[in-house]
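Q: So you can see what is in the structure, the chains are spelled out below.
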Amino acid sequence: MDVDEQAKKIKDWAKKHAERRGMQLNPDEERVDEVTKGLAARQEKFGKRYCPCRIITGDTEEDRKIICPCIYHEEELKEHGMCHCKLFSSKETVEGVSGEVKG
Amino acid sequence: MKSKVRIRYIALIAALCLLSVTMSGCLNINQSGYEFKSGITPPAVVSNLMQNRTVILFITQNNCPDCEQTRPLIAGLQSQYNGTNVTFVNFNVDDNSTSQNVAKAYGVTATPTTVVLRKDGSAAIFVGPLDSSSVNTVKSAIDDARGTY
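Protein sequences, first through last, are from chains A and B. Here the first sequence is numbered in this note's numbering, starting from 1 and rising by one per residue. Here the second sequence is numbered in this note's numbering, starting from 1 and rising by one per residue.
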């Protein structure tokens, strides 16, 4: 499977994960594509879906924390409305963005 | 009854002490929104760059969208300091172990991270992408760091 196909698969997974957890994907589609491509590239290179904005340490236990969805993403959504990679958004953030566009 | 009042009094004093400690911590961060942290030993590759020069480390990695978004802003800053004693260095952690060691030395776990170094090795560390506002904060930190040479 090439990186683009893998990225599409990851995007589908991310959408489902977001729905299951009461969050949403970032409404910025371009950003979602960039992040999912980054995840796919890392999966290809390292065999795991490591967050493309976090540094792999080489310590398996430590690095497990940054496999998407990373252990930080829910807390980051609560605090900042988005995860560090800006793949997942809270519903409130998405509604705020839509509201701004409509207004 | 008296002991309850005494306990409340002690609790109030403890809360005030805690608030005071917290406030004194906050005062370390200057009004520009950055703080130079000391106690970090620069790796050799960085200390070699710091010979009479203010050094800015831009720590990135491949497949990081925010790194690409921030790169032009760093380039813009770099051009503003052309011909001065400011050196900008990009360390891509995917390139080599030297870059990984630099990131580790400054406790960098996410990218992009911009590190501004003072002469004494203390570092102002900016984690995450820069925008038109935060880039000015980095510029203030650079000017602050230049003042130490």
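No lab work stands behind these hints, which were simulated from the structure alone. Be careful, since some hints might not be right.
As the list claims (entries may be wrong) - Chain A stretches covered by chain B per the calculated footprint, using a threshold of three residues with CB under 8 angstroms from any CB of chain B:
1) 29-37
2) 42-53
Said to hold, decoys possible - Cut-off 20 angstroms, straight-line C-alpha distance, at most; resulting in silico cross-link-like pairs (EDC-like, lysine to aspartate or glutamate):
3) B:Lys-104 <-> A:Asp-33
4) B:Lys-104 <-> A:Glu-62
5) A:Lys-48 <-> B:Asp-144
6) A:Lys-45 <-> B:Asp-94
Source: prediction; values computed, not measured. Note that CB positions come from ideal geometry on N, CA and C, so glycine has one too.
Q: Compare the structure with each hint and give your call.
A: Here's how the hints hold up against the structure:
1. With a cut-off of 8 angstroms between beta carbons, the segment 29-37 of chain A has 4 residues touching chain B; three or more are needed, and the interface restraint holds.
2. Here's how the segment 42-53 of chain A fares: 3 of its residues keep a CB closer than 8 angstroms to some CB of chain B, so the rule of at least three is met and the hint holds.
3. Between Lys-104 of chain B and Asp-33 of chain A the alpha-carbon distance is near 29 angstroms, which puts this suggested pair outside the 20 angstroms criterion.
4. The hinted pair formed by Lys-104 of chain B and Glu-62 of chain A meets the criterion: a straight-line CA distance of about 14 angstroms does not exceed 20 angstroms.
5. Distance restraint check for Lys-48 of chain A and Asp-144 of chain B: the Cα-Cα separation of roughly 41 angstroms exceeds the 20 angstroms cut-off, and the hinted pair is therefore not satisfied.
6. Between Lys-45 of chain A and Asp-94 of chain B, the direct Cα distance comes to roughly 11 angstroms. Compliance with the 20 angstroms bound is thereby established for this hinted pair.
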